[in-house]
Amino acid sequence: MAAAEDTPVARRLRGVKHIIIVCSGKGGVGKSSVSTQLALSLRASSPTARVGVLDVDLTGPSIPRMLGLDGHSVHQSSDGWVPVYADGSEARLACMSVGFLLKKKEDSVVWRGPKKNAMIRQFLSDVRWEELDYLVIDTPPGTSDEHLSLVEHMAPVHSRLSAVLVTTPQAVALMDAMKCLSFTRTTSIPVLGLIENMSGYVCPCCGEISNVFSTGGGEEMARREGLRFLGSLPVDTELVSLLDATEPESLGSVERLADGGSVRSFQLLERYQNTSTAPLFQAIVDKVVQALSGDDSHMNAAI
Amino acid sequence: MIALQQAAPVPDPLSVPSNAPEHCPGTESELAGKADACAGCANQEICASGQTKGPDPALPLIRQRMSTVKRKILVLSGKGGVGKSTFTAQLGWAFAADEHLQTGIMDVDICGPSIPTILGIATEQVHSSSSGWSPVYVQDNLGVMSVGFMLPSSTDAVMWRGPKKNGLISQFLKDVDWGELDYLVIDTPPGTSDEHLSVVQYLKESGIDGAVVITTPQEVALQDVRREIDFCKKVGINVLGLVENMSGFVCPSCRNESQIFKPSTGGGRRLAQDMGVDFLGAVPLDPRIGKSADYGISFLDEYPDSPAGTAYLGIIDKIKQKLGD
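Going down the list, the protein sequences come from chains A and B.
Position one of the first sequence corresponds to residue 1 (UniProt numbering), numbered consecutively onward.
Position one of the second sequence corresponds to residue 1 (UniProt numbering), numbered consecutively onward.
Take the hints with a grain of salt, since some may be wrong.
Here are the computed lysine-lysine pairs in the DSS-like style, where the Cα-Cα straight-line distance is at most 27 angstroms [as the list claims (entries may be wrong)]: (1) B:LYS233 - B:LYS318; (2) B:LYS204 - B:LYS291; (3) A:LYS105 - B:LYS320; (4) A:LYS104 - B:LYS233; (5) A:LYS103 - B:LYS233; (6) B:LYS262 - B:LYS204; (7) B:LYS204 - A:LYS115; (8) A:LYS103 - B:LYS320; (9) B:LYS234 - A:LYS105; (10) A:LYS115 - B:LYS233; (11) B:LYS34 - A:LYS115; (12) B:LYS291 - B:LYS234; (13) B:LYS234 - A:LYS115; (14) B:LYS70 - B:LYS234; (15) B:LYS70 - B:LYS204; (16) B:LYS234 - A:LYS104; (17) A:LYS104 - B:LYS262; (18) B:LYS291 - B:LYS318; (19) B:LYS233 - A:LYS105; (20) B:LYS204 - B:LYS234; (21) B:LYS322 - B:LYS233.
These are computed hints drawn from the structure, not numbers from a lab.
Just so it is clear, the structure is predicted and the values come from calculations on it, not from any experiment.
Make the full structure from the sequences, and use the hints.
Okay, here's the thing in structure tokens:
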């Protein structure tokens, strides 16, 4: 990975302290939901923390919807693209996604690899993130163009990279998670830990816990592979509905708040902290922050 | 049949270097073999000779191979983890339940092949003969091809960029000895990218009979599925219909149904209406479906009378009807 230290990407990301890649081999296990929660919780971790979310799932961007930013668009300034701020004027939660570049929500992005590669390079070199404590990168499923491009373009900042793996407990998902782990090992990105998502579902009617997608597989895998197990998250319908954003914003309000942020996404932060998942996730974030600050943590993951 | 063709050796996906040229101009480009990025690429000479610029030489071979396949069905979804592979497997099993029919399943999810596990044949390997690669048979009339059969270990990651994935898909279509097939069901990865474009491109002449699009009820999934249907329209694939998976959950303890993934914007039914495609049915979330997939057994054979089983069968009947079979 001998790359010139002074690439546009390196210059742009100079003020970013930690870059966390959220990945999983499998689709639909909750990468975007984990990325969103990670960003919200990291932002809440200190009154001055500044967090960025970069969505590199180019053909299926979900982050705008989850942060309640559907319909926003990106502004071009003389110094690059201005990210969309989910918290408006406070400007501590910046977000960038291909979703902001599409005219209609049903427009498909039918791109082959080289075009995706170019878009990712632009995201990394042209977005004006400014100073960030954490940049959370949400990835698409698989280990292909997007992932290789990320690693390639971020080679100059490789020392600040780390990854969080997400899986669900079924064997089929764990198999893909193993592939993802093998990817992080090949590219020597330290793994902060593994999250087991959709681990059990509490019936709202009788309180019985059903293991809709089985349970425990993630923890078992973490132990076997010597990874830090960050925690398991049950299916939380409240959270699903919150991130699914039942009420899409009317176009009027979008225009009014065109210079970034919206009233609703402020509420999102508050409402998130009231879900039953938020305290569980707080424990995960504590472990992530701990792993980022302790250098010894990088050791077992980098093997 | 395709006697003139040399038996293609089964490739070892890991023998291909993952650091192939970063800025490959594409084999059909004017710059193929001449760009800076091509220096040192193993295929530089082939590209530079101009051989690659004409129409893909694989196309006639694919057409010939596919001429014995009656129906080609794609299973698509913009979103991952909604049950594409599970549905593909059920569809394959259901077609193969009629012993007079020959069915094939092709898994073009190169980076995350789940089909071998779901069908319970994860440890099998592909063999090549003079007539091509033999599919792995689940039963006499159900053959399967997946990159999963070619990996030395299931934990190995296939870190490929687009062109390499396309190459393998083309081989799946031209080098696999499918024989006479009544149905070929193609399972795809999430998204609308290389794999999808390649399948459509390679099968353009042979014709795709239609696509079954899978979704789950929440808006985050529907957003991606809208894009997938838009993709089908753009490239001219007939959408057979939409299936809503994980639609409601019946608690095994109190028998009450709850919505795990709430259809906050009307779910699949509404989406089908809005996009002008048929709604084929909704399959409730049943933990036994996932478990069956993990153990590689057919959910339909085990629990045909469960609500999810009935829903699957209803959907499969509709698909057959729409195909006119």
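Hints versus structure:
1. With a C-alpha separation of about 21 angstroms, the suggested pair B:LYS233 and B:LYS318 falls inside the 27 angstroms cut-off, and the hint holds.
2. Distance hint between B:LYS204 and B:LYS291 is unfulfilled; the C-alpha atoms sit about 37 angstroms from each other, more than 27 angstroms.
3. A hinted pair counts as satisfied when its Cα atoms are at most 27 angstroms apart, and A:LYS105 with B:LYS320 does not qualify at roughly 32 angstroms.
4. Under the criterion of a C-alpha separation no larger than 27 angstroms, the hint pairing A:LYS104 with B:LYS233 is consistent with the structure, at around 15 angstroms.
5. Between the alpha carbons of A:LYS103 and B:LYS233 the distance comes to roughly 17 angstroms, so the proposed pair stays at or under 27 angstroms and holds.
6. Taken as a hint, the B:LYS262 and B:LYS204 pair is broken in the structure, with Cα atoms around 38 angstroms apart against an allowance of 27 angstroms.
7. Of the pairs offered as hints, the one joining B:LYS204 and A:LYS115 holds, with about 23 angstroms between alpha carbons and a cut-off of 27 angstroms not exceeded.
8. About 37 angstroms separates the Cα atoms of A:LYS103 and B:LYS320, which puts this hinted pair outside 27 angstroms; it is violated.
9. Straight-line distance between C-alpha atoms of B:LYS234 and A:LYS105 comes to about 15 angstroms, which keeps the hinted pair within the 27 angstroms bound.
10. For the given pair, A:LYS115 sits about 21 angstroms from B:LYS233 by alpha-carbon distance, which is consistent with the 27 angstroms threshold.
11. Under the criterion of a C-alpha separation no larger than 27 angstroms, the hint pairing B:LYS34 with A:LYS115 is consistent with the structure, at around 20 angstroms.
12. A hinted pair counts as satisfied when its Cα atoms are at most 27 angstroms apart, and B:LYS291 with B:LYS234 does not qualify at roughly 37 angstroms.
13. The suggested pairing of B:LYS234 with A:LYS115 holds, with an alpha-carbon distance near 18 angstroms, which does not exceed 27 angstroms.
14. Pair hint B:LYS70 plus B:LYS234 holds up; C-alpha atoms about 24 angstroms apart against a cutoff of 27 angstroms.
15. The suggested pairing of B:LYS70 with B:LYS204 holds, with an alpha-carbon distance near 14 angstroms, which does not exceed 27 angstroms.
16. Note on B:LYS234 and A:LYS104: the hinted pairing holds, with a Cα-Cα distance of about 15 angstroms set against a maximum of 27 angstroms.
17. A threshold of 27 angstroms between alpha carbons decides the hint, and for A:LYS104 with B:LYS262 the separation of about 23 angstroms falls inside it, so the pair holds.
18. Only pairs whose Cα atoms come within 27 angstroms are accepted, and B:LYS291 paired with B:LYS318 is accepted, the gap being roughly 26 angstroms.
19. For a cut-off of 27 angstroms, the pair hint linking B:LYS233 to A:LYS105 stands: about 15 angstroms separates their Cα positions.
20. For the hint pairing B:LYS204 with B:LYS234, the CA-to-CA distance comes to about 13 angstroms; that is within 27 angstroms, so the pair holds.
21. Distance hint between B:LYS322 and B:LYS233 is fulfilled; the C-alpha atoms sit about 18 angstroms from each other, no more than 27 angstroms.
The structure fails to meet hints 2, 3, 6, 8 and 12 from the earlier list, while all remaining hints are met.
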